[in-house]
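From just these sequences and the hints, can you work out the full model?
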Amino acid sequence: MESVKSKKQSKTKTALNITGAEAIIHCLLEEGVDLLFGYPGGAIMPVYDELYKFQDSLNHVLTRHEQAAAHAAQGYARVSGKVGVAIATSGPGATNLVTGLADAQIDSTPIVCITGQVPRHLLGSDAFQETDIIGISTPVTKWNYQITEASEIPEIMAKAFYIAKSGRPGPVLVDITKNAQFDSFDFSYEKCDGIRSYKPVPKPDIEAIETAASLINSAKKPFIVFGQGVILGNAEEEFKAFIEKTGIPSAWTILGLSALPSDHPLNVGMVGMHGNYGPNVLTNECDVLIAIGMRFDDRVTGNLESYAKQARIIHFDIDPAEINKNVKVDVAVLGDARETLGLILDKVDNKKHDAWHQEFTKKYKEEYEAVIRHDVLPTKPGLTMGEVVSAINDASNNDAVIVTDVGQHQMVACRYARFNDSKSSITSGGLGTMGFALPAAIGAKMGAMDREVVAIIGDGGYQMNIQELATIFQNKTPVKIVVLNNDFLGMVRQWQELFFERRYASTEMVNPDFVKIAEGYFIEARRVTKRHELNDAVREMIKSKEPYFLEVKVEKEDNVFPMIPSGASVSDVRLK
Amino acid sequence: MEEQRYTISIYSENNIGLLNRISGIFLKRHINIESLNVSKSEIENISKFTIVIISTEEWARKIVGQIEKQIEVIKAYYHTDEETIFQQTALFKIASHLLFDERQIQNIIKESNAQIVTVSRDFFVLAKSGRRFEIDEMHEKLKPYGIMQFVRSARLAVSKAEMPISKMLQEFYQDK
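So the sequence lines, in the order shown, correspond to chains A and B. Counting from 1, one number per residue, gives the positions in the first sequence under my numbering. Counting from 577, one number per residue, gives the positions in the second sequence under my numbering.
Among the hints, a few may not be true.
What the hints assert, rightly or not - If the Cβ cut is set under 10 Å, some of the chain A residues that face chain B in the computed set are: (1) G135; (2) Y145; (3) E149; (4) P320.
By construction, these hints were calculated from the structure, which means they are not laboratory data. Yeah, the Cβ is synthetic: ideal placement off N, Cα and C, and Gly gets one too.
This is the structure we're talking about:
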């Protein structure tokens, strides 16, 4: 470690002759952490002993599974913009974090995971609960490090937080051997503000910004696709100013959702596999495509061979490795979105693009008639997922944080949920982790106690971390849980229907009585099976000051449309 | 796009686990590492990885982008064979009696500019540095007589163009 000198600030916290375990607590406090999620076990017990002593300043939330601790830390980070922290023991405790790490890595979520490890002298001996978590977590972390001596703790913890939150954020894992937790040393903490081998934010290139501006100014049909980079860069205001000045229709990726209010006139909806019709089709008709803080995921682009081939492409991103990774671009604007959008604002012209905007409106009307009306105002007897999401919008005045899991309900929720504020949609986008929503909602609620947090989950994903009802009960966390139950793994079933001739291999679920289960955890619960009960039930749920569980029995074999079939072009988006 | 040999040069901190992190980038993309060398570099306390892959230029560029993203990597480059000066070294262990029984072996040693590293009663060791094909040629010539052991090092390469690592590090310290 000698060679990795971190540049230090002058403010130093010191404490003489304390244990490594206590030092870890001081590091967390110095980083402003007041809440962490975790699960104790042998190799992390010295730290838990200190958590017991420091419980007045550092709240530990006991989840019922380490995976849930990681997802809760993600939910907390996504809603608050702060670093989420999860802690677990060695071996299975550590491996259970891996899905959360992978999810945070692909969705750029700043979390720090701390794991206990067997004492240094037992490393490599296949000791009880020993696992090579550094080796295992390397591909799914932004950085990881194994501490084997107490004296390493301050510098490594400072680096961990700095790396997790700077630049393009991501997960960091710090593995700490038990001897390093027990040993005493003279503690001194300085926050990290730079690492010589790491350049988190590229300096904006004025020439690139000017080239981008002149392309934008001469565009007849410019189109913006924005992603989570706007949210992670706290660039919502700069983004809004930019689109309002240029008058450019703007669509979002699933992780960009809520960066721009749903009712903003320039918000034209979602791109991607189940995105809106207009944004997908018109991607192949725009003349300049401006991608902001997004990464051209395959679920966004469909077939790359026929993606926006007619357009000049400008890509704003903080991560140089994203430039020309999936889509070849004409202009790359590297840097923090807040800074680059701020810089380009003066260089772009005031425009309206009314005729071009009309094309989005026209496409929206087509989609409304073919899909949206049937989803949101259905006339058939069975309840639709879309009408449930609409009822939640109405009852919460579009002010709720909506946490979704993965599958049909996720696509429907992201299509129809409406947002006034940024950092309000929390979902597992890149990894598609079923089981994400319930623990992430716990973390989100704890990160935004003043906000309504509604988890919308399918009956499949709900059962992947259903044990977290206990965490909700124990902490009296007033999250609202809506399970859209179609007794199917709906998205897989939809693909089986469309592409596997209705061979429903292992997608039908024989489910338990979810209301009774919630009641078993002393959570108020209600089931809706009829349309006329829906609004009242949703209002009752939103009104409640306690945790609340609502099961809605929805149509069993509904499909989510529009849909770009896997491997097809964005132009070939299907309305049915 | 055409596949060809690329030499990837990485300047990094010398930390445990970085090799794993870098090799994982190739693993994730199902790309075979043809050769890999890690040593100190011209800069104190900075390591240099030299990795050879066969790929398209597009993949070489993307891989270098992913490598540079790693926290402890200072800078990475990719170069074609024409853009680098490179060598490998091989060791041949051969039975000593052949040196006297097979006169041709002495000619092979002379012609190929190989060095005799050691001679013992039972075996002698030849070292040959050069291009891969030169080592291969020598291997082919010696093979009929019996090679007890053979090993060839990874490619060592320096680029013709400058790799301004010291300057980059200076900039970091100046910014602070």
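The hints, checked one at a time:
1. Annotation: A:G135 was flagged as interfacial toward chain B, and the flag holds, the nearest CB pair being 6 Å apart, inside 10 Å.
2. For A:Y145, the interface hint holds, since its Cβ comes within 10 Å of a Cβ in chain B; the closest pair sits about 8 Å apart.
3. Interface hint status for A:E149: violated, as the beta-carbon distance to the closest one in chain B is roughly 13 Å, over 10 Å.
4. Proximity of A:P320 to chain B holds as hinted, the smallest CB-CB distance being about 6 Å (cut-off 10 Å).
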